[in-house]
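Novice: Chain order of the listed sequences is A and B.
Numbering follows this note's numbering, in which position 56 of the first sequence is assigned residue number 56; successive positions increment by one, without gaps.
Numbering follows this note's numbering, in which position 115 of the second sequence is assigned residue number 115; successive positions increment by one, without gaps.
By construction, these hints were calculated from the structure, which means they are not laboratory data.
Fair warning: this is a prediction, and the values are worked out from it, not measured in the lab.
Treat the hints with care, since some could be wrong.
As the list claims (entries may be wrong) - With a straight-line cut-off of 30 Å between C-alpha atoms, the simulated DSBU-like cross-links for lysine-lysine are: (1) B:Lys192 x A:Lys92; (2) A:Lys92 x A:Lys132; (3) B:Lys192 x A:Lys245; (4) B:Lys192 x B:Lys131; (5) A:Lys276 x B:Lys267.
As the list claims (entries may be wrong) - On the chain A side, residues computed to face chain B include the following (Cβ under 7 Å): (6) Tyr109; (7) Met232; (8) Arg237.
Said to hold, decoys possible - To be clear about the criterion: a stretch of chain A counts as covered by chain B if any three or more of its residues have a C-beta under 8 Å from a C-beta of chain B, and this derived list gives those stretches: (9) 93 to 99; (10) 172 to 182; (11) 197 to 204; (12) 264 to 276.
Ideal placement from N, C-alpha and C gives every residue a C-beta, glycine not left out.
Single-letter residue listing:
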Amino acid sequence: MVPQKIKVSFCMYEILEKKVLSDAVKLMKIKAPLVAKKAQPGQFIILRIDKKGERIPLTIADYDRKKGTITIIFMEVGKTTKQLGLMKEGDKILNFVGPLGIPSEIENYGTVVCIGGGVGIAPLYPIIRALKQAGNHVVTILGARNEELLMLEKEIDEISDEKHICTDDGSKGTKGFVSDVLQKLIDDKIKIDIVWAIGPVIMMKVVADLTRKYNIRTIVSLNPIMVDGTGMCGGCRVTVGGKTKFACVDGPEFDGHQVDFENLMLRNSRFVDEEKHSCKISGVE
Amino acid sequence: MPEQDPKKRINNFDEVPFGYDEQTAIAEAKRCLQCKNRPCVDGCPVGIDIPDFIKEITEGDFEKAAVILKNKTNLPAVCGRVCPYEEQCEGKCTLLKLGEPVGIGRLERFVADYILRKGEKLPKKPVPTGKKIAVVGAGPAGLTCAGDLAKMGHSVVIFEAFHAPGGVLMYGIPEFRLPKEIVRKEVEYIEKLGVKIQYDVVVGKTISVEEILDEYDAVFFGTGAGLPSFLNIDGENLAGIYSANEFLTRVNMMKAYKFPEYDTPIKIGKKVATFGAGNVAMDCARTALRLGAEKSYIIYRRSEKEMPARNEEIEHAREEGVIFKLLTNPIRFIGDEKGNVKQVGCIEMKLGGPDTSGRRRPIPVEGTEFKIDIDTALIAIGQSPNPLIPQTTKGLEVERWGNIKTDEQGRTNIPGIFAGGDIATGAATVILAMGAGKRAARSIDKYIKSNKQ
Numbered sequence: 001m002v003p004q005k006i007k008v009s010f011c012m013y014e015i016l017e018k019k020v021l022s023d024a025v026k027l028m029k030i031k032a033p034l035v036a037k038k039a040q041p042g043q044f045i046i047l048r049i050d051k052k053g054e055r056i057p058l059t060i061a062d063y064d065r066k067k068g069t070i071t072i073i074f075m076e077v078g079k080t081t082k083q084l085g086l087m088k089e090g091d092k093i094l095n096f097v098g099p100l101g102i103p104s105e106i107e108n109y110g111t112v113v114c115i116g117g118g119v120g121i122a123p124l125y126p127i128i129r130a131l132k133q134a135g136n137h138v139v140t141i142l143g144a145r146n147e148e149l150l151m152l153e154k155e156i157d158e159i160s161d162e163k164h165i166c167t168d169d170g171s172k173g174t175k176g177f178v179s180d181v182l183q184k185l186i187d188d189k190i191k192i193d194i195v196w197a198i199g200p201v202i203m204m205k206v207v208a209d210l211t212r213k214y215n216i217r218t219i220v221s222l223n224p225i226m227v228d229g230t231g232m233c234g235g236c237r238v239t240v241g242g243k244t245k246f247a248c249v250d251g252p253e254f255d256g257h258q259v260d261f262e263n264l265m266l267r268n269s270r271f272v273d274e275e276k277h278s279c280k281i282s283g284v285e
Numbered sequence: 001m002p003e004q005d006p007k008k009r010i011n012n013f014d015e016v017p018f019g020y021d022e023q024t025a026i027a028e029a030k031r032c033l034q035c036k037n038r039p040c041v042d043g044c045p046v047g048i049d050i051p052d053f054i055k056e057i058t059e060g061d062f063e064k065a066a067v068i069l070k071n072k073t074n075l076p077a078v079c080g081r082v083c084p085y086e087e088q089c090e091g092k093c094t095l096l097k098l099g100e101p102v103g104i105g106r107l108e109r110f111v112a113d114y115i116l117r118k119g120e121k122l123p124k125k126p127v128p129t130g131k132k133i134a135v136v137g138a139g140p141a142g143l144t145c146a147g148d149l150a151k152m153g154h155s156v157v158i159f160e161a162f163h164a165p166g167g168v169l170m171y172g173i174p175e176f177r178l179p180k181e182i183v184r185k186e187v188e189y190i191e192k193l194g195v196k197i198q199y200d201v202v203v204g205k206t207i208s209v210e211e212i213l214d215e216y217d218a219v220f221f222g223t224g225a226g227l228p229s230f231l232n233i234d235g236e237n238l239a240g241i242y243s244a245n246e247f248l249t250r251v252n253m254m255k256a257y258k259f260p261e262y263d264t265p266i267k268i269g270k271k272v273a274t275f276g277a278g279n280v281a282m283d284c285a286r287t288a289l290r291l292g293a294e295k296s297y298i299i300y301r302r303s304e305k306e307m308p309a310r311n312e313e314i315e316h317a318r319e320e321g322v323i324f325k326l327l328t329n330p331i332r333f334i335g336d337e338k339g340n341v342k343q344v345g346c347i348e349m350k351l352g353g354p355d356t357s358g359r360r361r362p363i364p365v366e367g368t369e370f371k372i373d374i375d376t377a378l379i380a381i382g383q384s385p386n387p388l389i390p391q392t393t394k395g396l397e398v399e400r401w402g403n404i405k406t407d408e409q410g411r412t413n414i415p416g417i418f419a420g421g422d423i424a425t426g427a428a429t430v431i432l433a434m435g436a437g438k439r440a441a442r443s444i445d446k447y448i449k450s451n452k453q
């Protein structure tokens, strides 16, 4: 007897829509009604493409409870993301579990600066939307290496009170880093109540170092290597305020001023050689 | 029982003991005295009618022997491999007083393997009761509870967070001790009893306990002791330091030993230190050898006598060349310039008076610090209950270490919610979890029949 309300698909998770955002960045809408029903800003999912696949965490870029879909946006960096990038609409993913992690703490803080770097813009989007709905004055800073790697500009523009764009090479917006823009906002004496920063580890570190000086509370979303995503393996452990935390169950968001980013970078490079080897022999290089 | 040669087996992940053939099994079964008072049955947490199944073996009726086994255990091929029989059935065997007990565990394995090969008939379909029960976690406790409930005619769905069934049988215990194919086949049998398993569902996240209770007549939590403990010493977050859970999950469940055919990687280098001396620690140290470690240490702060692992596991580890550094306690990890662990600083210990556990307390010997070069550290000092369910179930009573509080029958303080296995007792054995699953199934059946007409 299959249960009535809690409808779990005994089948796989279909890719309903795919968009190529840039060469290495893809967007997918995945049919996963149970996950969509519960997803909140700041959470993530874990997927496994096929029987021999690894489990990888991806932050939730959006969700549609009515249609039962979860949007993921990912950069092709390793074997699994490259393989995922090759999949088409109608293809199915074997496992897709979530929503995992603790949702973002959304409330009316006053003025919030939301900083997204590269593919980190994706998980920031639902957070911005929720912060805006909670009544915040939302200032966004979107940055990327170049124009091609910027994403969701239009969507985010619609829900931001102010928006700043910057690129490393100056191909769009100001030439420079998100931290330069943030520094300018601080110099302009804009009262910032809290900062959300999601992007490459180094970007989050630089932002946190900057805001620490001005004592502006800063939330970052960490992306360590994970296996199960439910607190079982401890592979995702990060040092926060001198204590060990599991990003999967204690995070993924943490106080950026307390995070040991160097340790995170080291732990994230644990399998770099294996990843390269895996890409090479599977031909997705 | 014949086994793979230690020199050969450290190069493969194949099962170590070969198991009895028919003749040996019959000969071993004939040693059983068929005692009237059946002390062995008292020693079995699930109460298998041991003399009866052994009697059928002596008569060559292995199928009947299997039916007797399956009356009480849904996972005999698992039990026949990983149960600590020496402390249970075999520990109570009358023949033990005269020397060697009957090899009950091996006989169980023989019968279970025979029936898995041969294919078995399902028990007579029970009359459906129309009641629905949710089981959370497809490990030993959950599978047993679900199987028994299905045999009683209830409709059972198991919600499992992982993509595969078995829990610790799949992610924790290595292939060379418990082949995953065996686990899969025994789970298939439980599914044939009518149990549905829904993967990728993290109860408390994907669906709430309230939602389950809205729709099901009762729920059983068998979510295990999934939270790894760490040493809490300096340098523990360096690269190359894994919890036993992460290491074993990568290797066993994700099949990292077959990387890159399978996508999940593992990297251990040549010198591996495992901290702890329980069964999980032995599994880690022996797995490390099979992954190519030249030196695999067990580092333990007490002496040989206090090691919690089964003797069989310690013996296997020794035969395979695991190096035991006993009365040695790690005090810090030292990393290289890239943040990889390269050494562990240790101190020698001596044993003092007994502590609260009754074991002699280890005390550091001052001035004895030394370092061991390592490429990988595996922390196997225990697991605590997974906090997800207690955290997300309003009003559920937990005990000091976070385990769910239950009575003998597996009832929690909330009517309709039952729990058993490691989540209720803290980390223990597969068979104790199965026993708890069994008792809870009876208690759930009683609850449904009395409370919810």
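Novice: Under the criterion that the straight-line Cα-Cα distance not exceed 30 Å, is the pair B:Lys192, A:Lys245 satisfied?
Specialist: Outside the cut-off at roughly 41 Å; violated.
Novice: Need the status of pair A:Lys92, A:Lys132: alpha-carbon distance at most 30 Å?
Specialist: Distance ~34 Å between A:Lys92 and A:Lys132 Cα, so the pair is violated.
Novice: Are B:Lys192 and A:Lys92 close enough, with their CA atoms no more than 30 Å apart?
Specialist: 26 Å, holds
Novice: Holds or violated: is there a CB of chain B closer than 7 Å to the CB of A:Arg237?
Specialist: 6 Å, holds
Novice: Grab the minimum C-beta distance from A:Tyr109 to chain B and call the hint holds if it beats 7 Å, violated otherwise.
Specialist: 26 Å, violated
Novice: Just to be careful: measuring from the Cβ of A:Met232 to every Cβ in chain B, is the smallest value less than 7 Å?
Specialist: 4 Å, holds
Novice: With a cut-off of 8 Å between beta carbons, are at least three residues of the region 172 to 182 of chain A near chain B?
Specialist: violated (count 0)
Novice: Counting residues of the region 197 to 204 of chain A whose CB is closer than 8 Å to a CB in chain B, do you get three or more?
Specialist: Result for this restraint: violated, n = 0.
Novice: Given the proposed pairing of A:Lys276 with B:Lys267, does the C-alpha separation stay at or below 30 Å?
Specialist: 14 Å, holds
Novice: Within the assertion that chain B covers the region 93 to 99 of chain A, do at least three residues meet a Cβ-to-Cβ distance smaller than 8 Å?
Specialist: Holds: 6 residues of the region 93 to 99 of chain A have a Cβ under 8 Å from chain B.
Novice: Taking beta carbons only, do three or more residues of the region 264 to 276 of chain A come closer than 8 Å to chain B?
Specialist: With 8 residues close enough to chain B, the hint holds.
Novice: With the threshold set at 30 Å, check whether the alpha-carbon distance from B:Lys192 to B:Lys131 stays at or below it.
Specialist: Roughly 18 Å between the alpha carbons, so the hint for B:Lys192 and B:Lys131 holds.
Consistency note: the structure conflicts with the earlier hints numbered 2, 3, 6, 10, 11.
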